[in-house]
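> Listed below are the residues making up each chain.
2 protein chains.
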Amino acid sequence: MAGQKSNTIVLVSGGLDSAVCLSIAFHKEQRDIYPVSFFYGQRHAKECFHADAVVQHFRNQSPRVKALEFIRIKNLFDQLVSSSSLTDSTKKIPDHFPYQDNNTIPSTFVPGRNIIFLACMAAYAEEIEAGKIYIGVNALDYSGYPDCRPAFIKAMQEAISFGTTFPKFLITPLLALTKAEIVKEGLKYNAPIKYTWSCYRGGAVPCGTCDSCKLRAKGFEAAGIKDPALEEINND
Amino acid sequence: MAGQKSNTIVLVSGGLDSAVCLSIAFHKEQRDIYPVSFFYGQRHAKECFHADAVVQHFRNQSPRVKALEFIRIKNLFDQLVSSSSLTDSTKKIPDHFPYQDNNTIPSTFVPGRNIIFLACMAAYAEEIEAGKIYIGVNALDYSGYPDCRPAFIKAMQEAISFGTTFPKFLITPLLALTKAEIVKEGLKYNAPIKYTWSCYRGGAVPCGTCDSCKLRAKGFEAAGIKDPALEEINND
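Those protein sequences? They're chains A and B, same order as listed.
Using our numbering, the letters of the first sequence correspond one by one to residues 38 to 273.
Using our numbering, the letters of the second sequence correspond one by one to residues 38 to 273.
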């Protein structure tokens with residue numbers, strides 16, 4: 038029973054950061070890995086298919102990686118949250134600007150998202166006896182969302198451990214990395230970057246101007262590497 | 038905008054403690070009160086109807102009390118949690134025994150329940166600009182659930198405040214009270230105790246032997262008061 042608690046949950050969104058996070062977990066953890074993804078009504082719901090492709094990449098390498106647990110909570114978010122441009126298609130998704138400079142929280146912030154995700158993963162961890170939960174949050178090259186900050190993660194870690202029957206550790210290997218460093222970690226751990234999707238607008242091809250596209254492009258540029266996902270699209 | 042943040046959310050389950058909690062909030066808070074209830078697949082789902090009756094009691098007194106926001110997350114709990122006798126009708130709900138004496142967590146514990154409830158209420162608080170969230174948890178005459186302990190509440194309070202855009206306070210007026218004291222608080226604040234339901238078994242009448250029935254009976258006995266809900270049933 039105690040041994041089984043070394044199972045690991047990894048939050049996989051379909052984006053770059055979580056794919057790198059899963060690749061790190063795959064290399065560092067010895068026991069079973071349970072990837073989890075959420076459909077909460079995000080406009081770029083196509084990221085869920087990318088999450089599945091990323092997970093499948095690792096499942097092809099080892100049966101230690103379990104099938105993606107896909108959790109649908111769109112109805113819940115519809116009921117609770119109406120203010121986010123990331124879930125309300127009548128709102129405009131803004132182009133990128135340097136939020137960190139003026140402490141503005143962009144309209145793409147989904148209130149309670151990471152709190153609810155982590156709460157769900159805590160319940161799931163209790164069931165599958167996972168002692169570790171990986172989440173690819175980043176507080177350096179990010180949009181300024183409050184639920185990506187170290188203080189939030191630390192408090193949530195404590196809440197989860199105190200509120201359940203055995204300790205669970207939140208592992209955030211990307212928390213203090215630049216986007217360029219995340220790209221390099223991805224290459225180091227053979228993350229299937231070409232399968233990932235970041236664009237908030239969720240169109241046929243990445244828009245190139247939203248927050249998520251801009252931060253991603255900045256990372257690849259600073260790392261001196263071409264984005265394999267864009268290469269893939271250009272080759273189509 | 039700042040003024041609106043004095044709105045209040047109250048978790049109302051339909052049981053004794055949350056009815057007392059709502060009556061305290063009703064008397065102490067000046068601004069609007071948003072009651073929230075969850076259907077998560079609990080076997081005593083009839084408590085949801087009791088929650089509605091309790092809320093209606095206060096709505097008849099003031100339009101400050103909003104209609105019960107009823108959140109259905111049974112599918113989510115079905116997917117995440119299979120180990121609890123409170124949500125799995127193939128399991129046996131145990132009769133009461135003094136859990137605190139041997140540190141056992143009873144099978145009625147639903148992993149992640151209060152973490153998920155509070156996470157959802159944090160998202161909702163962000164939307165309706167509520168700066169306070171009342172929850173009637175109790176760590177004295179209780180079943181030993183880890184997500185009712187002060188350390189959990191404190192950590193969750195910090196996680197919610199760090200992870201959202203403005204501070205939200207978790208108010209737990211019953212945390213350090215005995216069940217008898219909770220009963221007395223209920224009388225003091227005119228809580229509609231007769232409308233409440235506590236029995237985990239959710240039958241036509243309270244079983245009288247489950248944890249929740251026993252703790253409730255203990256409270257009324259120690260307070261020297263007859264339970265108005267049982268009086269109501271006996272008068273039918």
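If you're looking for bench data, these hints aren't it; they were derived computationally from the structure.
Any given hint might turn out to be false.
[To be verified] As a list, the in silico SDA-like pairs of lysine to any residue whose alpha-carbon atoms are at most 20 angstroms apart:
#1 A:LYS191 with B:THR202
#2 A:LYS111 with B:PHE107
#3 A:LYS111 with B:ASP89
#4 A:LYS191 with B:PHE203
#5 A:LYS111 with B:ILE108
#6 B:LYS191 with A:GLU106
#7 A:LYS111 with A:THR141
#8 B:LYS231 with B:PHE199
#9 A:LYS191 with B:LYS111
#10 A:LYS128 with B:ALA241
#11 B:LYS128 with A:PRO100
#12 A:LYS65 with A:ILE208
#13 A:LYS191 with B:ARG186
#14 B:LYS111 with A:PHE76
#15 B:LYS191 with A:PHE199
#16 B:LYS128 with A:GLU164
#17 B:LYS191 with A:PHE86
#18 A:LYS42 with B:LYS225
#19 A:LYS191 with B:LEU267
#20 B:LYS191 with A:GLN93
#21 A:LYS231 with A:ILE208
#22 A:LYS231 with A:LYS111
#23 B:LYS225 with B:PHE206
#24 A:LYS191 with B:LYS128
#25 A:LYS111 with B:PRO204
#26 A:LYS128 with B:GLU164
#27 B:LYS111 with A:PHE203
#28 A:LYS191 with B:PHE206
#29 B:LYS42 with A:LYS42
#30 A:LYS191 with B:PRO187
#31 A:LYS42 with B:LYS129
#32 A:LYS111 with B:PHE203
#33 B:LYS111 with A:ILE165
#34 B:LYS129 with A:GLU106
#35 B:LYS191 with A:PHE206
#36 B:LYS103 with A:GLU164
#37 A:LYS103 with A:SER144
[Said to hold, decoys possible] Stretch-level coverage of chain B by chain A, calculated; a stretch enters the list once three of its residues show a Cβ under 8 angstroms from a Cβ in chain A:
#38 70–82
#39 166–178
#40 261–270
Ideal Cβ placement from N, Cα and C applies to all residues, glycine included.
> Does the structure keep LYS103 of chain B and GLU164 of chain A at a Cα separation of 20 angstroms or less?
violated, 36 angstroms
> Need the status of pair LYS231 of chain B, PHE199 of chain B: alpha-carbon distance at most 20 angstroms?
violated, 39 angstroms
> Holds or violated: LYS42 of chain B with LYS42 of chain A, Cα cutoff 20 angstroms?
Given pair LYS42 of chain B, LYS42 of chain A is violated - Cα atoms ~41 angstroms apart, limit 20 angstroms.
> Sort out whether PHE107 of chain B lies within 20 angstroms of LYS111 of chain A, counting only the CA atoms.
holds, 15 angstroms
> Please verify the coverage claim for the stretch 261–270 of chain B: does it have three or more residues whose C-beta sits within 8 angstroms of some C-beta in chain A?
Since 0 is below three, the answer is violated.
> Assess, step by step, whether the Cα of LYS231 of chain A is no farther than 20 angstroms from the Cα of ILE208 of chain A, and give holds or violated.
The given pair, whose Cα atoms are some 24 angstroms apart, is violated under the 20 angstroms limit.
> Would the hint linking LYS42 of chain A and LYS225 of chain B be met if the CA-CA limit is 20 angstroms?
violated, 47 angstroms
> What's the verdict on LYS191 of chain A and PHE206 of chain B, does the C-alpha distance respect the 20 angstroms limit or exceed it?
Holds, at roughly 18 angstroms.
> Within 20 angstroms, alpha carbon to alpha carbon, are LYS129 of chain B and GLU106 of chain A?
Violated, because 28 angstroms separates the two Cα atoms, which is more than 20 angstroms.
> LYS42 of chain A and LYS129 of chain B were given as a pair; does the straight-line alpha-carbon distance stay at or below 20 angstroms?
violated, 26 angstroms
> Going straight from one Cα to the other, do LYS225 of chain B and PHE206 of chain B come out at no more than 20 angstroms?
violated, 24 angstroms
> Given the hinted pair LYS111 of chain A and ILE108 of chain B, is their alpha-carbon gap at most 20 angstroms?
At roughly 12 angstroms apart (the allowed maximum being 20 angstroms), ILE108 of chain B and LYS111 of chain A satisfy the hint.
Violated hints, in rising order: 3, 6, 7, 8, 9, 10, 11, 17, 18, 19, 20, 21, 22, 23, 24, 25, 27, 29, 31, 32, 34, 36, 37, 38, 39, 40; the structure is consistent with all others.
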